[in-house]
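Visitor: All chains should be modelled from the sequences, with the hints used to inform the complete structure.
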Amino acid sequence: MSTFLTLTVSGISLAALFFMVSAGLSLIFGLMGILNFAHGAFFLWGAYIWFEVFNRTGNFPLALLAALAAGAVLGAVTERVFIRPIYRRPLSQILVTLGLGLVLTQLVIAIWGVQPQYFASIPGLSKTWRVGDFYVPSYKLFVIAIGIVVLAAVWTLLRYTRIGLIVRAGVENPAMVESLGINVRTVFLGVFALGAGLAALGGAVFAPYVNSTTTDMGQTVLLSAIIVVVLGGLGSYLGSAVGALVIGLAQIYVPYYTFQLETSSLWPHGWPTNIDSSAASLISLVLLVAILLIRPQGLMGLKLEPGGL
Amino acid sequence: MSIQIPLATASVETAKTVLSLRNIHTYIAGSHILQGISLDVTEGQTTVLLGRNGAGKSTTLRTTMGNLPAAQGSITLDGHELRGKPAYFAARQGVGFVPEDREVFVSLTVEENLKLAQRGGASRGAAGIEQAYTLFPDLRQARSRSAGAMSGGQQQMLAIARAMMNRNRVMLVDEPTKGLAPVVVKQLATIFESLRDEGETILLVEQNLEFAARVGHRFYVLDEGRIVHGGRMDELTRDPELLRRYIGV
Ligand SMILES: Nc1ncnc2c1ncn2[C@@H]1O[C@H](COP(=O)(O)OP(=O)(O)OP(=O)(O)O)[C@@H](O)[C@H]1O
Ligand SMILES: [Mg+2]
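So the sequence lines, in the order shown, correspond to chains B and Y.
Using the working numbering, you'd call the opening residue of the first sequence number 117 and step up by one each time.
Using the working numbering, you'd call the opening residue of the second sequence number 5 and step up by one each time.
Be careful, since some hints might not be right.
Some chain Y residues judged to face chain B by a derived CB distance under 10 Å, without partners named [what the hints assert, rightly or not]: (1) Ala91; (2) Tyr92; (3) Ala95; (4) Gly100; (5) Arg123; (6) Ala167; (7) Asn170.
Calculated from the structure, these hints are not laboratory results.
Positions of the beta carbon are idealized from the N, C-alpha and C atoms, including for glycine.
Guide: Right under this line is the structure:
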């Protein structure tokens, strides 16, 4: 039982990380019809900006904010310069975002090198509580809390503000929104910047989770995030939260119960080792195929109810 | 073949042209759909655009709105050029749009649909919404329900109300009676009569001739991407040969 609880906390914190990446991915897809393959690179940049600021200042909250801001700026520039000229050209979008993702990743390697970066422990968040066999690292609780704050903040934005109203209408019919006198492109830019900022925040939060930054972390997380988005229903905001929970928990439970790995291999970092992560990817894919067969629109896709997010 | 169509006649009262299209050409996916459309919409009048299925009526409205690019020609609103501008520009200049098939936002509530349309200075604000509810009592009833849950007729009313949320110079309305029950069509006719009597300026695409005759001042007939006839509404209804040729009634 305590093992199960330990795994569950790990799974939920992993879900919180996936959610931060997939929320933006899903909103961008829903509003603009773009599957942004550069999203993993925003995550990666978030991790490295966080590392740089934290390493220099030792100020953890400042480093998180810096990553969020850098991601938003990177997203805004990306939308304006690379995405805007190729709206409604899906093939170009795939090529451009894939290419951009590679370039941004290479830039990280050029600046920081391929070797992982290590850093001091996070002040106030390095403790692990233990009740019998139930381990709760405080950092994982922090990650869960951040995930909940992001979930609630974006939900409030979508549900209760004019910008949110425009985004929800835009997901349904951007041309009609424009015919009402609203410049949809500006909203696209804002959503792209927000999505990229959240992905970068995800990367920043993720680095201490695995105690290092590595240049391949963007790609790994992008795959999971895409699965989360499809699973949750393309363009559905709450769907991506549900999808993240399913994938996060599955990626922790399955390797453990399938291969009977020691809980210690998931603790304190909770990020699957190589064997685990291929098993985790496999189970994600199996889940994805199963859901797509039963509910091709995803778990929460195409909800036609008021306030359907 | 080139027919000279008399454009809005400078009639007895000094009627002002609000919206004016000159020699508009529009291509969709490489096909030449509009082949030189010219028409005028006079202030305070309802101008009806008639024509068979596929004649290019919706394309004319969507081109005017800016949702489709015109390859050539000019579209002016109170003398200001709209061609080459995005749809939000036309809307902000005072073009209200009720598209074919209504296009209400089904994932939003009725009231959210109305609020979305309200923009800053031009908006009629809470009074505008109240006015819409007075005009369409069904909408008041359904205000916090999903627009997707409403009947076709109610959705049409919502689409019209939505276009009236701001002070418009002209409203483009595309086949409001399409697919609706006769009783709803009658209701809509009353609405458009009162809009006409209040002096709204409207460009109305309509296939229902009886409806068009009831609410329209002037008409144009569109055929295969060209304007082939135009005049006063009563001239059309008195000319069975014209009706048979272009509209098929
Ligand atoms: N997206 C499109 N792709 C290709 N052709 C199109 C497209 N939209 C319209 N057309 C063509 O353009 C022509 C004019 O269409 P339009 O919708 O303007 O006609 P309409 O007069 O409004 O007809 P209806 O009475 O059926 O609404 C038609 O021949 C139609 O097939
Ligand atoms: Mg049409």
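Visitor: Which earlier hints turn out false for this structure, listed by number in ascending order?
Guide: Of the numbered hints, all hold.
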